[in-house]
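Turn these sequences into a full structure, and let the hints guide you.
Chains as they are written, first to last, in the numbering used here: chain A, 239 to 569; chain B, 7 to 285.
By construction, these hints were calculated from the structure, which means they are not laboratory data.
Keep in mind it's a predicted model, so treat the numbers as computed, not measured.
Just so you know, even glycine gets a beta-carbon here, dropped at the ideal spot from N, CA and C.
So these bits of chain A aren't anywhere near chain B, every CB distance computed over 12 Å:
#: 1; residue: GLY277
#: 2; residue: ALA415
#: 3; residue: ARG446
#: 4; residue: SER482
#: 5; residue: ARG502
Okay, the calculated bits of chain B under chain A, using three or more residues with CB under 8 Å as the criterion:
#: 6; stretch: 181-187
#: 7; stretch: 190-204
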Amino acid sequence: MGALDLKSVTKSFGATDVIKGIDLEVAEGEFCVFVGPSGCGKSTLLRIIAGLEDASSGDILLDGKRVNDVAPAKRELAMVFQSYALYPHLSVRDNMGLALKQAGVAKAEIVRATDKAAAMLSLENLLTRRPAELSGGQRQRVAIGRAIVRTPKLFLFDEPLSNLDAALRVATRIEIARLHRELAATMIYVTHDQVEAMTLADKIVVLRDGRVEQVGSPMHLYNDPDNTFVAGFIGSPQMNFLKSSELGHPGETTGIRPEHLHIRTGAAIKGTISHVEKLGGETLVYVRTAAHGLLTVRMFGEHDYEVDSQVALDLDPSRAFYFDGMGKRLR
Amino acid sequence: MARARASLGRTVAAHAVLITWTVIALFPVFVTVVNSFKSRRAIFAEPLALPWPEHFDLVGYATVLKQGDFFGYFQNSLIVTVVSLFFVLLFGAMAAFALSEYRFKGNLLMGLYLALGIMIPIRLGTVAILEMMVAGGLVNTLTALILVYTAQGLPLAVFILSEFMKTVSDDLKNAGRIDGLSEYAIFFTLVLPLVRPAMATVAVFTMIPIWNDLWFPLILAPAEEVKTITLGSQVFIGQFVTNWNAVLAALSLAIVPVLVLYLIFSRQLIRGITAGAVK
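As structure tokens, then:
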């Protein structure tokens, strides 16, 4: 239950095309993450799946059934919003139980379902409170609980962690991953944060300007990007892009991840260290070069480098990616 | 320390300005209420003197209560004001919700058309309104007044409320849709409570002109049984003789209900329950 199929879905607002034809299959039980820069259409696509926006053309199939004209509440899905969107006038218990109440489920059954969801998210002590009396992290857990209570076919998450602070974000991320394992439900998750995408996803869909750039598992996208956009978007710090002509490499651009670029005396690429970031477990060295601009070198452990000192860089050709003038990968 | 003194000076200055303004604003009310408790001679001899003890006279109130059906007038005014207010808020909020929430052809034009009423005084249409009421057999009924006042209050209500409705989180409304709430349920249970301060503002601005209006009661409902308090008070103002005691007493009494309504709404202005709905 919960397989999603999009067939050449498009969406235009007036003359602006926001979604320019998307085909996508999400298998049952899969955790699928939409990533992309802001304005790439990922949230709009999620809203189309939810039924909050109508697709301009194309088909949305849930479990093989076309649901384009089905109301959001009848699509058997649940959505978690960035702003939590809890009902301010209802207690936590009523917030979580509203959808079941609307669907005409018996009272005892609603109580049982909310209790179960509350236990999963350790919200038992908060059930009588109003949203105003909760902290940000608690509110987001209630919002997730509200989604779980419905036992939907499909969970939709719209940047659910963006309003949380860093520590809570990690904790809630782990919580969501655990829920996905326990519920074995299909989940679609929108984020602009590639760390969330990498850590949660079975499948990442990279979007840009209303089009799918590449679909694949996190490691697939990391190790085998189709173009410079995906190569640059996935991975932090960003991949270095060097001019192939300067290095005698094929294509227009040579991409190399910061961990595969090494500081080695006598190497070919000369530059000046402009900044050093020590993160404890790793050290990032930013090197300004005449030929390739600013490059990032990532080293594990602690290393001491002086800012403004001259260094030479060496790259591992077996880990390099080559791209043509249009940014497409040469294979 | 210098800082503290400076801010003390500013506080005093700010309060002086506000107190001066309050005194100016309340002065007519003060004069009206004070003189309503005095004899006719005392009103003209010492208009600013307090009624206590030698000038004290309830003759104005006695006249008001004896002559004419003043409780009836009060009742008429209250019915007209409260019912008009209810319809203005209900229809105004619904129109504002539609304009701010749904994308449809002519949305902008419709909004401008509704806002146009703010700029065109409804009294310009008095003759046409009267003809319509005569044709509809509504002359000398409270319904006529309620219809006119509802029309009069709607433009401003739609204008103010649609701006406020735009600030209500889309996520909240969408969460309601996914949970299976109808558009009416979303409107009444999610959106209306969040725009309550705006509703109170609209209520206050709508209510006062209706309560104070003399024009339409005089033209559309001058009959004894449907007179409003403002029109009822006019019986004491004659071309040659004006019974000032009675006029002042009637006006003092007329302040009370509208003051009560205002206090009810101003509490809503202060109370906010949006905290915690969305971050």
